[in-house]
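Asks: Spelled out, the chains give:
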Amino acid sequence: MGAKRILITDDTAFMRMTLRKVLESNGYEVVGEAEDGLDAVEKYKELRPDIVTMDITMPKMDGITAIREIMKIDPQARIIVCSAMGQKPMVIEALNAGAKDFLVKPFQPQRVLEAIQKVGG
Amino acid sequence: MGNIGAGNATTALSQLLGDRLVRMTAPAVAILDIPEVGAWVGEPHLPVVAAYVQVTGGIEGHAVLLLAEASAQAILQEMLGAWGGDRPGLLASGAIPLGERTVSDLEASALMELGNVVITSYLNALGELTGLVAIPSVPSVAADMLEAVLNSILAEVGWSDAGVLAIRTHLQGEGAAVEGQLLFVPAEGHLSRLIQAMGMVGEARS
Chain L
1 MGAKRILITD DTAFMRMTLR KVLESNGYEV VGEAEDGLDA VEKYKELRPD IVTMDITMPK
61 MDGITAIREI MKIDPQARII VCSAMGQKPM VIEALNAGAK DFLVKPFQPQ RVLEAIQKVG
121 G
Chain Y
1 MGNIGAGNAT TALSQLLGDR LVRMTAPAVA ILDIPEVGAW VGEPHLPVVA AYVQVTGGIE
61 GHAVLLLAEA SAQAILQEML GAWGGDRPGL LASGAIPLGE RTVSDLEASA LMELGNVVIT
121 SYLNALGELT GLVAIPSVPS VAADMLEAVL NSILAEVGWS DAGVLAIRTH LQGEGAAVEG
181 QLLFVPAEGH LSRLIQAMGM VGEARS
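Just so you know, the sequences run in chain order L and Y.
Under my numbering, the first sequence has 113 at position 113, and the numbering climbs by one with no breaks.
Under my numbering, the second sequence has 35 at position 35, and the numbering climbs by one with no breaks.
Please keep in mind that the hints were generated in silico from the structure rather than gathered at the bench.
Hints are not guaranteed to be accurate.
Claimed, not checked - Cβ-Cβ distance ranges computed for the label pairs, FRET-style: (1) Y/Ser140 <-> L/Arg48: 28 to 38 angstroms; (2) L/Lys72 <-> Y/Gly57: 47 to 57 angstroms; (3) L/Pro89 <-> Y/Gly189: 20 to 30 angstroms; (4) L/Lys45 <-> Y/Gly189: 41 to 51 angstroms; (5) L/Lys21 <-> Y/Ser140: 51 to 61 angstroms; (6) L/Pro59 <-> Y/Trp40: 28 to 38 angstroms; (7) L/Ser25 <-> Y/Glu36: 49 to 59 angstroms; (8) L/Asp74 <-> Y/Ala39: 50 to 60 angstroms; (9) Y/Leu46 <-> L/Lys88: 22 to 32 angstroms.
Note that beta-carbon positions come from the ideal geometry of N, C-alpha and C, so glycine has one too.
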């Protein structure tokens with residue numbers, strides 16, 4: 001089985017680069033980067049990644065809406081939220097929408113790798 | 001209330017700075033007329049970098065992270081240090097001046113991320129305490145003199161004549177020149193809502 005293909009979603013280039021660096025240096029393949037929820041939905045259709053990391057607070061389309069849209073396209077989608085928004089109602093909403101895990105920023109790189117392994121990376 | 005929120009924000013800032021200690025002062029609360037806000041926050045001509053977030057949901061208001069220019073420089077160095085000389089995407093955006101130069105797109109996005117993480121951590125604590133949800137907007141980042149930055153934010157807010165209630169906390173990093181402030185201005189009527197919600201949480205727990 002080849003390296004897991006991952007789509008990174010975050011509106012800041014800084015965070016996308018940070019996640020890319022952590023993932024690639026641990027043997028994962030980053031197949032794409034999305035800048036907002038809408039971009040993530042489009043890139044999911046196009047790239048069919050194994051795993052998606054998803055920010056919540058983003059322009060154009062927020063992460064929760066994007067999770068719902070992606071789950072409509074592929075009910076088997078594996079999405080991990082990486083967001084500063086750690087309020088319980090928001091976490092529950094994301095998990096109900098179909099997210100498999102929820103990491104609250106700022107997080108240690110190790111936590112991202114653990115979450116990815118847990119969802120089947 | 002402001003205390004625990006700022007505590008959370010301080011922890012987040014500390015983690016972004018590679019676990020360096022960040023101290024905070026007890027929050028100060030004041031009701032001010034608009035022209036007074038600048039002087040209450042600090043020296044009007046101090047060059048600062050600010051991240052502004054509009055808050056909606058169960059708690060509405062406006063949150064600002066203000067960093068002295070030198071602090072913003074130090075924090076950027078810490079956040080982007082890992083990239084060394086090989087920083088992809090270093091294109092001068094020209095939009096945000098910082099000292100003698102303008103920040104790169106990557107630096108601007110690091111400042112946005114910093115504002116997002118620190119302010120949202122503050123809101124997470126407020127949400128936890130009150131049982132209300134506080135949803136942050138995407139942050140906007142600006143660099144200018146303190147007075148100018150505040151004025152442009154105040155123009156967004158649109159106060160009534162009754163003045164504005166503001167909660168202020170100083171953040172101070174150990175050793176390095178990290179110095180900033182968190183400002184939260186609840187929307188009209190939302191302070192009493194905050195207090196009421198916390199009272200109800202208190203009763204439910206007793």
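Asks: So which hints don't hold here, by number, going up?
Replies: As far as the earlier hints go, 2, 5 and 9 are violated by this structure, in ascending order.
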